[in-house]
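Chemist: Sequence:
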Amino acid sequence: MRARPRLLLLMALVFLGLVISFPVQVFVLYGHGLDEWPQLLSKISLLNYLVAFSLLANIPFILRASQWLWVTLPLTILMVGWNNWVVSAAGHDFSQATTWVATGAFSALAGFIFLPSVWSLLREPKKRWWLQAPRKEVSLPMTLEPVRGTTIQARTFDLSRTGAFIPLDKERDGEYPVRAGDVITVKFNLGSLKRISCHARVVRRAISVGHYPSGIGLQFIELKRTHERILRDYVDSIPETNGRGLSLGI
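Using this note's numbering, the first residue of the sequence shown is number 1, and each one after it goes up by one.
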């Protein structure tokens, strides 16, 4: 599983640093001691708190390269600009030029989403490899009960705590039509006394590429909590392979 890009970690830390800067500014400007937190916090305005909340709210979206950033970042820029305008209008601690520069600097900082490495993640969520459950190659008998046709007796190619990839050749695929988006029933055993039965969504159909055979990617849904734990423990117990293959997009 590929790691999260360091740029996202860096930006999350920058946003956290901006939140911390609010009490630090009050500490520097008004000379409060470390034992005067009530007085220090009282000098942070409601608008400052709203800006801090906006910055904090962006951090999980940044770490996930979430498409919600298209909404939250512009709103945060507006919030920062509004806050800085109020500060410059008061004119007590910062000049108008300083606040305009600060607003421009933050807007430029928020433009990190347009960098190629981040832009591609926002446009193609399947590239967010670090959010995907680790997959282990294992061949397990699995019964598939599709919405059309008869029951399919198949075997897994790989398995994760959230889904599986099932090889299906062209002949079988023609005999048992399974389409992307279908919700089917799957049944399989993890050991002699650990039988799992749940629904699964067909998230993709794939042709054979390199190490990967042709088949379908499944995402388990409506798993019982005990089954989730059993499946997670089972996958964790499987030794790592060479990591070849394609993403299931789940």
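Quick caveat, the hints were computed from the structure, so don't treat them as lab data.
Mixed in with the good hints there might be a few duds.
The calculated EDC-like cross-link candidates involving lysine to aspartate or glutamate, where the alpha carbons are at most 20 angstroms apart (straight line), are [unchecked claim]: (1) K136 with D236; (2) K194 with D236; (3) K224 with D169; (4) K187 with E240.
Chemist: Each hint needs a verdict: does it hold in this structure or not?
Modeler: Hints, one by one, checked against the model:
no., hint, verdict
1, K136 with D236, "8 angstroms, holds"
2, K194 with D236, "16 angstroms, holds"
3, K224 with D169, "31 angstroms, violated"
4, K187 with E240, "24 angstroms, violated"
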